[in-house]
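Colleague: Under the working numbering, the residues of the sequence shown are numbered 116 to 399, in order.
If you're looking for bench data, these hints aren't it; they were derived computationally from the structure. All C-beta atoms, glycine included, are put in the ideal place defined by N, C-alpha and C. Please note that the accuracy of each hint is not assured.
To be verified - Derived DEER-like restraints, expressed as beta-carbon distance ranges: (1) I120 with L199: 23 to 29 Å; (2) K281 with L197: 35 to 41 Å; (3) S310 with K374: 36 to 42 Å; (4) D398 with M288: 32 to 38 Å; (5) T203 with F364: 49 to 55 Å.
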Amino acid sequence: HTRYINDHIEYRAYADNDQEFQKSFRSIHNPLEIYPKDKTGIIKAKPSEKSTVSFQINDENGNSSSLTFDLKVEKGMVNQSLNLFDSTKYLFPDSAYEFQNENMAINTEKYTFYQPLRNTIIINNSISMGDAREPVQLPLKVRMKLPEKVINNQYFFISNTNYKGKENSIDAMINAGWINGEKKSLGKYSLRIDSIPPSLLPSNFSIANCKGKKQLIWSIRESKTELLDYDLYIDGTWNIVEFERKGNFLIFNKPTKLKGKHTVQLIVIDSCGNKTEWKGFLDF
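Construct the entire structure; sequences and hints are all you get.
Modeller: Following this line, the structure appears as structure tokens:
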């Protein structure tokens, strides 16, 4: 429910410049309970009319600030026939949509969008829908047909290009020659291949020198997809290892009772099934 805060702030300003602006009005389909019931915050301004607008904010300690100004509307006639959102050019929050060709499809459920979204859908060798800087409430569901003559389908994944231009893999499953995925993001979706296993290297130790270490740290790099699984075995017995996502590290906190020489094996697998194994005979 709180994801609707994306519609309360000016999300594009936040995405572009980390600026936090709050709107003084409510979108029609925003159910957040911070608003007075049946109120949208719309100011009904008429030509040649002047209104006094006042904002007041309060903190938890009772301090307050206010801002008051006059809103003046220019002279002129009101265009009663003006249609701001033409149904041939916009997608609406209270409707579900599906677009497809023979190789790709994308569909959205009702109330995926917060506001009317300009219909810029393009489906060709990829799928492009809207601006990645615009938030959505529900995931977009994407289907892409895999090439028929492929030795190993597991290397395929769906990427989504975010508003910073970076490609990220999305959660997806392969079934009957199609790959199906979903993500709460507009933007571009493409079919990609990842056949390169993750890189895995010791960071704070070497095989020749790990005595006295309270932690063993490996540096891991996965360029295209996400890390799916990681397992540490000591003399064939599974042990807990932690993944530090910010620095891309795998960390093993050595128990105090673990001493002497042991065989250590670390296995990592990415979301396309590419596997890397590190193995060493360490003296703790």
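Colleague: Hints first: check each against the structure and report whether it holds.
Modeller: Quick rundown of the hints versus the structure:
{"no.": "1", "hint": "I120 with L199: 23 to 29 Å", "in the structure": "holds (25 Å)"}
{"no.": "2", "hint": "K281 with L197: 35 to 41 Å", "in the structure": "holds (39 Å)"}
{"no.": "3", "hint": "S310 with K374: 36 to 42 Å", "in the structure": "holds (40 Å)"}
{"no.": "4", "hint": "D398 with M288: 32 to 38 Å", "in the structure": "violated (44 Å)"}
{"no.": "5", "hint": "T203 with F364: 49 to 55 Å", "in the structure": "holds (52 Å)"}
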